[in-house]
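*Asks:* Sequence lines, in order, name chains P and W. When we follow this note's numbering, the leftmost residue of the first sequence carries the number -5, and every step to the right adds one. When we follow this note's numbering, the leftmost residue of the second sequence carries the number 2, and every step to the right adds one.
No lab work stands behind these hints, which were simulated from the structure alone. Computed from a predicted model, the values in this text were never measured in an experiment. Don't be surprised by glycine CBs; every beta carbon is placed ideally from N, CA and C. Treat the hints loosely; a few may be bogus.
[As the list claims (entries may be wrong)] Among chain W residues calculated to face chain P with C-beta under 10 Å, some are:
1) 21
2) 40
3) 86
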Amino acid sequence: MSNMWADSFLQEAEDLLAEIQECALLLDSESQPTEIVGRLFRAFHTIKGSGAMFGFDHVTKFTHHVETLLDGVREGRVAVSPQLTELVLAAADEIKRLLAVEPTVAPEPSEAREKLIAALEALSIVSAQLPAPAIGSIEPDIRAAMAQERSWQIVFRPCKDIFACGGNPLLLLRDLGNLGSIDVVAQTENVPTLEELEPGMCYMGWTVTLRTAADENTIRDVFVFVEDGAELTIKPMDDPPIQVETEMQGTLPVATALSSDRPAKIEPSVESTKSLERKPATPDAGKALSKESTVRVPSARLDRLVNLVGELVMNQSRLAQAALLAGTPEMSNPVQEMERLVAELRDDVLSIRMLPIGTIFGRYRRLVHDLSAELGKEVDLVTEGAETELDKSILDQLGEPLVHLLRNSIDHGIERADQRVALGKPRRGTIRLSATHMGSHVVISIEDDGAGIPRAVIRAKAIDKKIIAPDASLSDRELLNLILLPGFSTAKSVTNVSGRGVGMDVVKRQIDTLRGSLTLASDEGKGTSVALSLPLTLAIIEGLIVQVGADQFIIPMSAITENVELERTQRMQKNGRNVVVVRGELIPYIDLRAAFQVEGDAPEIEKVVIVHHGDDRVGLLVDRVLGTHQTVLQPLGKFLRNIEVVSGATIMGNGSVALILDIAAVVHFVDRQTQQALLQASEASD
Amino acid sequence: MQTLQGEQDNSLELTGALDIIAAEEVRTSLLAHLEHHGRLSLDLSRIESCDTAGVQLLLAAQRSAEAACKPFAVVAATDAFTTVCTALGISSAQFLAASIPRLEPACNEKENTVE
């Protein structure tokens, strides 16, 4: 078996397991779970079938038990219940474990797996023995379907290489026949002559009239393995008939045409083919085709594409500058046109990497479900803005911070159900996970309606850990932000879930790395909200080019609040720090020339670029501000990767390199320098 | 799969499995038979099993015969074959014609000169 195919199956299985998890958690909340059950069944059915095809026999064997149970649910023999949800989730976990085992290797015997299989079987059997309540639990549409048969018209034209993919139209038609009474008419007009025929290809299609009590999902399940690349239309007969883009075969019903006492001489008869009016393809056929137009591409290839486009953008910028210097209109026109095309290409390539944040919401639903069960709490997760798009590279790094924030909300925030009732709150706590666009940023917020963050506990803990003096005067925001410091935890006991004090600072650091910001708000007794503001993409940066000596640096535009001029005579210090007065407010600034030991004298009038640093403002003293620059961020090579004050580099139009400053790192770097200088000064004076 | 030349009626007898594995071999035999004979009569009374690719092959043979203005007929078939045809929605009229099939007028003249 080719590894490529096995990898492809594993990727597909991963997607299906994510879908299973999502569906399972929706089961309880849905008033009409028929569709959800159908999706669950199809997902397990696909894993089972594909697993068998790629040699994952143990997966197939296990999945069969789940499929049996879900089949019972579809038929109304098994009721939808919290127990069913738990079993489906546990089964998905078990399949994940089994998929980690090489297909040729038998998995280790597992008591937990055996118990799970027993539970799956028990639920099927128990429910089957209780027909009355089970029937009572059947959804109205299933009940109606059971009571009444319906006629369906199915048009199926498989992809040409169905035989090579292991598909067998004969078996599909037999499976359809098992659902009810069936009338099959082959469409053979595409079958070529012997000379043109490739015997391994399928040129036929079928129009099937099926009378059955089964619903559309059940019929569709028959085609689950051959749907890709096929045209499949399933319509109830009372709807307008499907327009078939084909010539139909003769109309003699097959069942009556051939007697069973063959071999025998057969009645001479020839039926001519009838040409029916050709109709445009149905919209559903278009849907089948659109499915084909999706391509799965490894994200590393996309990253390479983004890097190449980055190179292209930079070179285009150099070319534009060269054209400007040359001053020839013959050159400037095509260069301008190229600039437009490169910009379009850059935007398109970057948009390929954008993914809806909903792709990671699903896993949090499971997390909340499991954690609340573990901690004996009742919590609902409400998600909003799942369609909001973010660069994949950001989404990939957002997983852990969000997990930690949700854990905190459940563990520290949401109270136990009895406590909530006593407080006059709804029994079930709610965590709202939402994402929304705000200009060039996406704001993700996690809000809970729990107990909030107790300020007194924070203060006591901070004093205990000697983070603040007992008499320190802190604003409410400063007090709250103490929990973002390394090693700070207010949990009374360490649990498996949170409370080891290694969380919030890691979250903060991770968000800083993503060039984002974290804002905390908490109302004691009412709840807490954490807002994460993140750039849409890390690949492009809008920056301000500044010059210090002969060097150019880029300061991220999103951090800048304003620029002010500073004459040499206005320089002043307070408590050993440089400060500048801006509209009466003292703002500390960092002299980049001194910090980076740039040679040469500073000009008479310098500029202070004032930027956000957390909740504070800090200035960066530079010689000149040269203008704005949008660039594709290039990571530094391995020899320069450890320079902590820069987050990347870019090549300017004239071919020179400009480093992109990491504001937080620059502040920490200078803080450290200052501390060392103060220490050396005090040692020298001693 | 075996292809045997009928002794008396110039029919081509196919035996064994008429399936995707045998399809290329049968295609070659059918093409050769069609080239050397004025009609394509198939005896399927010893077909033991059959699949979609096998049935499709015969449809292609029928197309080729039509294109060459030569009569095509399946003169006998087993249950195994007819059952599969039934399941695939191929009407009896599609194959099972013992005598000379209807031909387009343009072919009639040629037909008269063949045998």
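*Asks:* Check the structure against each numbered hint from earlier and tell me which ones fail, lowest number first.
*Replies:* Hint 2 is the one this structure does not satisfy, whereas the remaining hints hold.
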